[in-house]
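Participant: Residue numbers (the numbering used here), protein chains in the order written: chain P, 1 to 302; chain X, 1001 to 1540.
A hint or two may mislead.
[Stated by the list, open to error] Selected chain P positions facing chain X (Cβ under 10 Å, derived; list incomplete):
1. ALA87
2. TYR90
3. ALA175
[As the list claims (entries may be wrong)] Rough simulated footprint, nothing fancy, chain X against chain P, three-plus residues with beta-carbon under 8 Å:
4. 56-65
5. 191-198
Rather than coming from a laboratory, the hints here were simulated on the basis of the structure.
Every residue gets a Cβ at the ideal spot worked out from N, C-alpha and C, and that includes glycine.
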Amino acid sequence: MRIAAPETSDQYIPTKRPFNFGRWFSRTGWRHLVGAVMVVFSAFPLLYVLSASLHPGGTLITANGLFNEVDLGSYSTLFNLPQQPYAAWYGNTLLIGTITSVCTVFLGALAAYSFSRMRFRGRRAGLLMLVLVQMFPQLLAVVAIFLLLSGISDIFPAIGLDTQIGLIMVYLGGALGVNTYLMYGFFNTIPASIDEAAKIDGAGHARIFFTIILRLVAPILAVVGLLSFVGTTNEFVIASIVLITPEKQTLAVGLYQFVSQEFSSNYSVFAAGAVLAALPVMALFLFLQKYIVGGLTAGSVK
Amino acid sequence: MTTPRTEQDAAQLRQTKRSRRAARVAEAASAGVKVLLVKIVLLGIVDAISVYALFVLVMKQDWVVVGLVAFVTLVVNWIYFSHQKLPAKYLAPGLIFLLIFQIFVIGYSGYIAFTNYGTGHNSTKADAVNALIVSSQERVPDSASYGLTVLEQSGEFSFLVTDPDGTISVGSATSPLRVVTDATTDATGKATGLAGYTSLRFADIVAQQQDIAALSVPVSDDPNDGSLRTPDGSSAYLYVSDLVYSAADGTMTNSSTGVVYADNGKTGSFVAPSGEELLPGWKVEVGFANFVHAFGSESIRGPLISVTLWTFAFALLSVLTTFGLGLFLAIVFNDLRMRGRNVYRVVMILPYAFPAFLSALVWAGMLNPQFGFVNQVLFGGADIPWLTNEWLAKFSIIFVNLWLGFPYMFLVCTGALQSIPSEIQEAATVDGARPWQVFRLIKLPLLLVSVAPLLISSFAFNFNNFNLIYMLTGGGPRDVTAGVNVGATDILISMVYKVAFVGASRDYGLTSAFSIIIFLLVALVSIVSFKQTKALEELN
């Protein structure tokens, strides 16, 4: 039983107090000051890139005059560069990112379902192994991946070196791991009695998984899918050694090479490429913001 | 295999035979025809691909891989046609990728670390012998002229040659000449075509001049017999090498100088008594030579140690700075009286939403010493070498990483702070604690318990934060005295990438040795930190 709160002073607070700037500032005002500083710090580089991309024929030095000229020329130049197939990079990134994240979510969900709902020998060891293996990032084994794929090329040129399927397969090597662990935790929050009720109604395990469980865990699937998409978009090392032909490369590989070749002379074109490249990811982020914050904190708070 | 520990595990494993059979019947009754069809189609595709792979592999006589592919195919079929093995059905797809592209490649890196794989040593001894002989071939001064027609079959070129006494034979770079009898000939008796091949016309030859000029067709299985090459596409000449390979004692002799190059069994190449080495060589196991090289030679050990120290410093500073700022902001904005918190939050997660590789490139532009925004506008045209001075470059990296990483920490800390019950604060305040004391002695320890695992994973992430380093400074400024391609801001992973894939000579063996060293470091850090986390958890 809770003890009733004693009569404290807050019951005597007058309903309206005269506004006092000093008091307001020391309570909440300074927080807005911090907020303003952080808004400038966070948003400035993004505004800078946007302004640079709108500068016609701009170089690094003209990019410093923020928004003093606005023109979409760089965006049309971007798609007409003879050596840099930007449109192809863009399509490749979306394609590779989408396929990888969909497959990652699917493979991860399958594994998480079995870890969460079934009891079998080696289950604990398996869960522990997933966490341990994940500590060794794939990019450390980049030489071995390169040699393995070039070995596969001798047998199946279609899925070896310089193919996007090969790259996706390498990414799927990381499909189980932290993702599965995150999903496993979420699957556990879905009561098992739902499965049992469905079983009594005559549903098999496949049906329970596909039609019931997957719908209930949709939020975590969205988070894992997004994180995987973002991870794939950002991935440079493996993509740069697997994809050799310019038309097959991704934005990370292509734009890096573009920048390292002609950095200051064609900055507005790079900036235009960067703005377009960031759009889908940022849109997804803002769209799924609520879930992401939930997913991150679910991971942090037990 | 672990033994079941909880009651639930034990109970489920102790299922009786009968209940298992009942489950199976129920399962069979519920699985429709559609499910069965999908299963058969998918397995059919998998099996068709493996049969094709087996066929190709048998042709290549790659028996180890044949065994592996056959084994995996059988296991997959067994799992999905069995009525049990339910967990395996769900785990198999992900596990196959995990085993090949995570576990196998880690082991394979371990193997490569003990070889001299790399530029000049990337094939077998037989390939090296052929490459050496082909590269030192010269046209025999008075060699006869062979009538030649260049043939093409599925992208590969072959030579159809008519030798001076009228014999017709065909061969390609990979298969020596063999006599054929069914070739079509023209009036002069020169062979012009062969069934199954396309004869190239003059225009085709001109279009692919370089490939054809580089083609060298061995006369027989013995590389010392020489090979045929063509300068013009219509006649071929015999080329022999002045290097003579003796298969019996495994030596290479230069017939014009008489120098004997012997395989010393260690370096994977032919070496003359004078120490002169013929390249390309081949791949051999070199034992711990790469590790000895990494730690033993001063020009590599020095950079390796400084890179390792900087990697730890970078990862630690990244975690501390981003966590510090994130926590500060979380506290500042965790005040219900404040209006517009959501607006601030959305703007502050923008750096997190912007693709990281682009952020690094954008900042590289803004920090450019001559033209960048920071120097030109903020510092009024100053010439501060943000990315080219060793210490300023390190500072820039930490600073840009702060921009990249604080939103994540801000989100995490906000979540963690909100999960701390407000009664704790009230109780402490009633007991007379000052706000700072409440924070330091109560909130921070509670917060650390829940975010410590994330701090560790953030440390591990930054330990291998390749993109930031490579895109922002490229690892530079370069350390010119080092024996490997490293700079002042390189971390271990970017050093590995540069040694393996940047520049003219690639040393896969040394790279993999570095990888193994990093594996061990990461494992050590993880084990230690997880023990620490357990200790933290017991605080609660």
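Participant: Hints first: check each against the structure and report whether it holds.
Facilitator: Verification of the hints:
Violation of the interface hint for ALA87/P is found here, the shortest Cβ-Cβ separation to chain X being roughly 17 Å, above the 10 Å cut-off. Below 10 Å, beta-carbon pairs count as interface contacts, and TYR90/P has none with chain X, the closest being about 12 Å; its hint is therefore violated. Because the closest C-beta pair between ALA175/P and chain X is about 5 Å apart, less than 10 Å, the hint holds. Only residues whose beta carbon comes within less than 8 Å of a beta carbon in chain X count, and the segment 56-65 of chain P has 5; three or more means the coverage holds.
Counting residues of the segment 191-198 of chain P whose beta-carbon sits less than 8 Å from any beta-carbon of chain X gives 0, not enough to reach three: the coverage restraint is violated.
In this structure, the earlier hints numbered 1, 2 and 5 are contradicted, and the remaining ones agree with it.
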